[in-house]
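Let the hints inform the model, and build the full structure from the sequences given.
Read in our numbering, the sequence shown has 96 at position 96, and its numbers run on one by one without any break.
Worth flagging that the hints you see were computed from the coordinates, not collected in a lab. Take the hints with a grain of salt, since some may be wrong.
Simulated crosslink set (SDA-like; lysine to any residue; CA at most 25 Å straight-line) [as the list claims (entries may be wrong)]:
1. Lys76 <-> Gly162
2. Lys86 <-> Leu16
3. Lys76 <-> Asn124
4. Lys86 <-> Gly145
5. Lys132 <-> Pro95
6. Lys86 <-> Ser71
7. Lys146 <-> Lys159
8. Lys76 <-> Pro95
9. Lys146 <-> Asp73
10. Lys103 <-> Trp84
11. Lys49 <-> Trp84
12. Lys81 <-> Met5
13. Lys103 <-> Ile32
14. Lys146 <-> Pro165
15. Lys63 <-> Ile32
16. Lys86 <-> Lys103
17. Lys132 <-> Ile9
18. Lys103 <-> Asp78
19. Lys146 <-> Glu4
20. Lys63 <-> Gly145
21. Lys103 <-> Val128
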Amino acid sequence: MKHEMLDGIEAVIFDLDGSLVDSMWMWRAIDIEYLGRFGIPLPEDLQSKIEGMSFNETAIYFKENFHIPDSLDRIKDDWNKMAWDKYANEVPLKPGIPEFLEKCRTNDIKLGIATSNSRELVENIALVHGLKDYFSCIMTGCDVGKGKPAPDIYLAVAKELGVNPDRCLVFEDIIPGIQAGLSAGMRVCAVDDAYSVPQREAKRGLANYYIEDYYGLFF
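What follows is the structure in C-alpha cells.
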C-alpha cells in the first residue's frame, strides 16, 4: 500500500545524523572527550545550543564560548578524526533505509542529503555504506548561508535536484531540521531517534508525518 506522504513526491531529501544513519549518540561522546582535552566539563545544554548549526558554525561556537586556543581548521580537523572511526565501525544505517532507497531509485525518485556535518565525513559515510550510487546531491551547511532552522540548505538541494520544493519530502530527526524543511515549503517526516526522545511529542506536533523506521514505505 502506498503511503500518503509519498503522493506527488519527486525528490526525497535526508538529514544525515539521526535520520539516515544512527549516529546522534556518538556526538555527545565526542563533545565530552574533546572538551575534556581542555579541562572543560560538558554543559548539559550544549546540544540545544548547537542543534542545526553547520560544522563551521559549531566550530566558531566552541572557539568563542569555550575559548579554545586552536584554529577553526584545527578544531574541525580534530572532530573529523575523532568521528571517522566511529562512523566507519559503530554507526549503522537507520532501520529500513537500504530497502527504502532502492524503492526510491526504482521509482525514479531523486535523492539528496542535507546535513550540518562536514563534507569529509558525509562523503566517507556514503562510501562506507554504499550510498553514493543513490544520491545525486550531497550538500552541507557550510555550502549555504545559514544552518538549520533556516531553509537555505533544503532549498539549495531542491534547486540542485531540479525539483520544486512542494514536490520534496524531507526526513529529519531534530526540531530545527523539521523547521528548516517546513520553512522551505516541503513536506516533512519526523524520524524517531533515541537521542531526541524528550522531543518526541513536539516532533510529532510539528512535522507532517512521523515514523519509527523506514520499513513499509512504498511508492
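Quick rundown of the hints versus the structure:
1. Lys76 <-> Gly162: violated (31 Å)
2. Lys86 <-> Leu16: With Cα atoms ~15 Å apart, Lys86 and Leu16 stay inside 25 Å; holds.
3. Lys76 <-> Asn124: holds (15 Å)
4. Lys86 <-> Gly145: violated (29 Å)
5. Lys132 <-> Pro95: holds (18 Å)
6. Lys86 <-> Ser71: Measuring from Cα to Cα gives roughly 24 Å; hence the hint holds.
7. Lys146 <-> Lys159: holds (16 Å)
8. Lys76 <-> Pro95: violated (29 Å)
9. Lys146 <-> Asp73: holds (19 Å)
10. Lys103 <-> Trp84: violated (29 Å)
11. Lys49 <-> Trp84: holds (23 Å)
12. Lys81 <-> Met5: Given pair Lys81, Met5 is violated - Cα atoms ~38 Å apart, limit 25 Å.
13. Lys103 <-> Ile32: violated (39 Å)
14. Lys146 <-> Pro165: The given pair, whose Cα atoms are some 18 Å apart, holds under the 25 Å limit.
15. Lys63 <-> Ile32: Judged against 25 Å, a Cα distance of about 15 Å means the pair holds.
16. Lys86 <-> Lys103: Measuring from Cα to Cα gives roughly 28 Å; hence the hint is violated.
17. Lys132 <-> Ile9: Cα-Cα ~21 Å, so holds.
18. Lys103 <-> Asp78: violated (37 Å)
19. Lys146 <-> Glu4: Since the Cα atoms of Lys146 and Glu4 sit roughly 31 Å apart, the hinted pair is violated (cutoff 25 Å).
20. Lys63 <-> Gly145: holds (20 Å)
21. Lys103 <-> Val128: Roughly 20 Å between the alpha carbons, so the hint for Lys103 and Val128 holds.
Hint check: violations occur at hints 1, 4, 8, 10, 12, 13, 16, 18 and 19; the rest are consistent with the structure.
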